[in-house]
Each structure stands twice: as structure tokens, then as C-alpha cells.
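> Listed below are the residues making up each chain.
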Amino acid sequence: MLGFRIAKRQEPLQWGSFFIFFAALALSLGISCLLLAIQGKPFMRALLLLWEGAFAHGYSLEDTALKSIPIFLCSLGVAVCFRMQVWNIGAEGQYALGAVGATWAVLTFPDAPAWALMPLMFAAAAALGAAWAAIPAFLRLKFELNEIISTLMFNYIGMLLLEYYVYGDWKDPASFGFPMTVMFPDTAIIGSMFGRIHWGAAVCAVVAVMLSVFLKRTRLGFELMAGGENPRAARYARMPYNFLVMLVMVLCGALAGWAGLIETSATLNRLQPNVMVGYGYTAIVVAWLARLRITSIAVFSILLAGLRVGVENLQLELQVPAAFAGIMQGLLLITVLAGQFFNWYEIKRVSGMEGEVDTPGNSGNAGNAGNASNTGNTGDARNAVNGGQE
Amino acid sequence: MITAELIIPILAATVQSGTPILYATLGEMLTERSGVLNLGVEGMMIFGAFGAFLFTYFTGNPWVGLFMAGIFAGVLGLLHGLVCQVFQGNQVVSGLALTILGVGLADFLGTPYVGVATTGFTPFEFPVLSSIPVIGGIFFKHDALVYLSYTLPLIFWFFMNRTRWGLAMAAAGEHPAACSAAGLNPVLMRWAGVFFGGFLVGLGGAYLSLAYTHLWTNNMTGGRGWIAVALVIFAFWRPGRAVFGAYLFGGIMAFQMRLQALGATLPSSLLLMLPYALTIIVLLFSSARGKGRAAPAALGVNIEPGE
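Listed in order, the protein sequences are those of chains A and B.
For the first sequence, the positions run 1 to 390 when this note's numbering is used.
For the second sequence, the positions run 391 to 697 when this note's numbering is used.
Treat the hints loosely; a few may be bogus.
What the hints assert, rightly or not - Among the chain A residues that face chain B by a calculated CB cut under 10 Å, a handful are:
hint: 1; residue: TRP115
hint: 2; residue: PHE143
hint: 3; residue: LEU161
hint: 4; residue: VAL285
hint: 5; residue: TRP288
hint: 6; residue: LEU337
hint: 7; residue: GLY339
To be verified - Computed footprint of chain B on chain A; a stretch qualifies when at least three of its residues, placed anywhere within it, have a C-beta under 8 Å from a C-beta of chain B:
hint: 8; segment: 162 to 171
hint: 9; segment: 340 to 349
Hints are computed from structural coordinates only; laboratory data are not their basis.
Yeah, the Cβ is synthetic: ideal placement off N, Cα and C, and Gly gets one too.
Let the sequences and hints guide you as you build the complete structure.
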């Protein structure tokens, strides 16, 4: 009798995630092509257009880089939350509040000099974004309220709040009824650094370095990295678990708020409802794919930004609906998630009657304990249901 | 009688707005009772709504559309089952991916049909019962899907508590190991949970495209799937309270629309916030723990192979 048996590996496959990602990417692209074929689009040409639109020319690379800035900022915060097993999916709403905060600063002090206005905008965006994250964090810690649902509801409420202002008090009287504020004064616009790349890229770099130092060189950062692995052990070790949950949420809120500020100021130069394009949801995909490795977050941010830009090209050339980007993100997330299985399990061929194979898996390649890939996949989702508190 | 004339239409609209949420809540409840947390309700619901629209549009028969809505959403449920049961993926992440995927698919495939009208379910007066004063006006002047939804909580309760399959499914959600020790197959029960739960969620989606409106628009669900996820917690995983919760949300949606129709001075964006704010308030009232209020013990925990 010949059969197969599934066995858990002793150590996760070393270079597994790398191959799994490319296999998953290929599978996602394949399914996407199938969908395009159903709608009668030439899918080979579509793949080419996707590539050209995102990465092939200087202009498209600039587009991709510009879109990756807000995604990167949101993803950093979401990744820190996921590390603590805090399922904050509210980056989208925190981004909206950041945009609102920055716009408030501009509209309240339109004549302030740049040296005063810019810091005020950053402070207001961070404060409102952080507040938008702090409320769900408080509700979770105090009332065990599920943060997945509360942050999601705050996304809807945040978006509507932005619309309330843009359609209401902040609407430019000279906009012919269009929902938009007045154009920001030059003092409130984040200018270009080189080419079309604006200074938001520098903000990303500074934040990345500071976060990296915080996580690797401070006690609190170490506790955060360790605490996420095992909340109960963290409490035995007298780590301030509740404080850490609040900290990661506030951090994510502030960073997402800055993303909203940068998009409003540097890209649109005014606040209008189409500042909301789902970067906060893309950040969830990036954060889960990259885990809390800052270089990986940068790489995946650029990749998923490229996907968005590429789909815009498809929209233009082949009239493919914009929702195609959402499908590809969903497929990528789901195939990578499923593919992770091969990181942790192996399928052994079993021969003979009993089929007892007792080789201890692939433990030949010594896995390093610092590998961050054990945060999500096989861990159960019970925390998510009960609000994490026990 | 002026007050009754004012209140009865609002209460009737409450039942109407609450119905899709009731279907989705009971669907997610079934899935969670079998031990699987599926956060993809929003995606399954809108994909089901699209399936309902598409098949009604091409066959002209809304019952075919209704059935296909269940199949569309159920297939997405099976995808969640595949990722979590076969590939041992994290149920939270898989559910989020399912939402992104389902919303994207409905949006993508539905783009050619935006604004296209179709036939659907239309209201009719339920024989005899509709002539009861007040009650008849509120509950028995709806369409077939609403009448169907009245029976659903009872069937759900009977299935979970009085049938072999229902009890086996609950066992898979409470204690898979004990379930398999009793000679049952918890993995199979969970497959059934994700599929039939998804099927019910799909019926809720069908209500939106075939009865609530008779046309296809993007973003038709508008967060109703997430409200359903919250209501399962609010209902303590029991169908009776789900009815109450669903109609509570139906009420706030009906109220909000009535205010808008009356030309309220409040801006519409503030009114639209009401259901989302209510979701958080409702959850606050269900956070107190007690006997009979806990989630299924093995909810969100995958059954590992070889156990």
C-alpha cells in the first residue's frame, strides 16, 4: 500500500517563503488572466501592460514609487500591530483622519509661515490618526471589544467624517459644487525632492530608521517583539502588555495619519473624497506578507503599489475595471497564506503496511530562532475572537 | 391614527432592511458554531448579490438567482475551508483576504451591468395574516424572501439543538478531538459549516439585488457583512437574539432613510454613520461574559492534520 502522510516540520523551511511567494504570485497571475479571458480581454497583452505600466519606464517607476509612499507608512504601523497579535485593520480610517487633521491645520492657519504650518500639520495628522486608533485600543483593553470589528467600523465612520467636512463647511465656494477644499497655499504643500518624487519619501526613510532603532535598540521595542509571540509569557515577564497594545495602535494611527497628510498635501494639494483609494487595506496585505521586517515591507509596498499603477494602465488600455487590483491583492494574500503550509508541513510518501517514517523532517538546515515568520500562519485565531484578553 | 400611519411604514421598512442582515448573521453563526471564524462575510454577501443578479438577469427567474446566490457565496466559503482546513492558514487572514477578493470579484465582473435592472421578488399580501391590524401591516406585506426569513431562526434552532447533524456540528466547534473520538468527522462538519453558512450569507446578498433593489450597483452591501459578524457576537451565537439584533439595525437604517426622505437638516454623511456607530455600541453591550454567552470553545482554531 502506497500512501501519503502529512507531518509537521521540526523547523520551518529555510528559503521556503521565497519560493512560496513566487509560486503564489504565479498562481494569482494565472487566475487573474483566467478572469480577464472570461471577459474577452487579451490576457497576454494584459500581463505585458501590467508590467510596463508599473516598472518598465522611468515615468511608471516614479508613479509606483509615489504610490508606495502612503502604502509603506500604513504598512509599517499595521505590521507592528500584527506583530503584537493586534488585528488593527483600521489604517484606512486613521489615514482619513490624518487627512482631515492636516486640512484642519491648513484651513485654520492659512497665513502661517511654512516653518510653523508644516509641523502643525504633521502634529494634527498624527494626533487625529492616533486618536482614531486609540479608541478601539481602549475599547479592547477595557471592554474586550473585538478590535477587528471596531477598527473596521471606524474606517466607515472616518471616511464619512471626511466627506462630511468636504461636502460641508470646508467646501470651496468657487468649486462649482464639487466636494473639495480650496487649493492649499504653497506653505502647506510638500514639494518635490527630485523629479516627481516628493519629500514624503524622506519622511518614509526617517520613520523606517527610527522604527528600526526603536525595535532593535530599546527595551520597549524588544518587549514588543517578544510580547507578540506569546502574550501570556509576556505578562509573566512583567511586560506592560496593555501599554504595548495601546502603543502599537497609537503608532499605527499616527503613521497612517501621516500617510493621509502626505497624500492630501503632496499629491492632491487639497482635500477631496478621492484621497481615499484603499491604501489602508493594501497595507494589511503588505503587512501580512512582509511581517515586521522593514526591508520586506518596503519591497512589498513597491510591489503592490506597482500592481495598482499597472492596473491603472490596464484600465486605460483595455478598459479593465479598477477592481482588478483588489482581486489580485486578495488572490495574492490567499495563495501565500495557503502556500505557507509547505513551510510548516511536509508531505511524506509512506510505503509498507504501517508506514512509520521517523526521520525528523528537514531539520538539517538549522533554522534561526530569530526568524519572524512564526507570527501568524499556524497560530490560531482565538485571540481575534475573544479580544485577546484572557 | 396619525401616529400609526406614520409608525407602521417605518416598522415595515425595519423588517425589510433587517432581512438581509438576518440572513447573513445566521449564516455566519452557522459557520462559527462549527468552529470556523469566517471574516469574509462582506465579500461573500456581495458576491452572492452579484450571482443573484446575474442569473436572474439571464434566466428571468428570481428563484434560480436566489439559489445561485447561495452557491456563489458558498463556493467562497469553501475557498475559506480550503485555506484553513487543508492548508492550515490563519482564519482571520484568510477571512480578510476573502473579503478583499469577494468585493473585487463582484465589482470586476459586475462592471458591465452597473445600473442594469432585472426582475426580482415583489411584495404581496400574505393570505389571511396580512389583514391582522398593525401586525399584518408590519410583517405580512413583504416579498417571499422576508416570509422565508421568518422561518429561518426556528429551523436554525431546531437543527442545532435537535438533530444529529446539528449536534455534531456544534461538537466540531466546541471540542473537535472529542467529536472525532465519538466517531464523528469534525473536519467534514466544518466543511458543511463553511458551505451552508456561506449559502445563507449569499441569500442575504440576493435580498439586496433582487428585493431591496432590482438592479446592480457597486458596493451594494455597504458594510452589512461586517455588521453581521458583529451581530453573531452580540447574539451570543444563538438565533433568537440574532433576530433582535438584525431588526435593531433594520430599524436604524429605516429611520435614517426616513429622515433623509423628510429632508432632515442633518447632512447625509452624519446619518450614514449611524449603523456603524450602533455596531460598536451594540458590541459594548455584549462584552459582559457569563453563562451561555461564550463563543464556541474551538472557534478559530484549526484542526491539525494527523490528530
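> With a cut-off of 10 Å, does the beta carbon of LEU161 (chain A) approach a beta carbon of chain B closely enough for the hint to hold?
For LEU161 (chain A), the interface hint holds, since the closest Cβ of chain B sits about 7 Å away, which is under 10 Å.
> Please check whether the segment 162 to 171 of chain A has three or more residues whose CB lies within less than 8 Å of a CB on chain B.
The restraint on the segment 162 to 171 of chain A holds, since 4 of its residues have a Cβ under 8 Å from chain B and three suffice.
> Holds or violated: PHE143 (chain A) as interface residue toward chain B, Cβ cutoff 10 Å?
Since the shortest Cβ distance to chain B is 4 Å, the answer is holds.
> Let's test the interface hint: is any C-beta of chain B closer than 10 Å to that of LEU337 (chain A)?
holds, 4 Å
> Please count how many residues of the segment 340 to 349 of chain A have a CB within 8 Å of a CB from chain B and say whether that reaches 3.
holds (count 4)
> Tell me if VAL285 (chain A) is really an interface residue toward chain B, meaning its C-beta lies closer than 10 Å to one of theirs.
Constraint on VAL285 (chain A) satisfied, holds at 7 Å.
> May I ask you to test the interface hint for GLY339 (chain A) with respect to chain B, counting a Cβ-Cβ separation under 10 Å as satisfied?
At 8 Å from the nearest chain B Cβ, GLY339 (chain A) passes the 10 Å test, so the hint holds.
> Going by Cβ atoms only, is TRP115 (chain A) closer than 10 Å to chain B?
violated, 35 Å
> For the restraint on TRP288 (chain A), tell me whether the closest CB of chain B is nearer than 10 Å.
holds, 6 Å
The structure fails hint 1 only (numbered hints given earlier).
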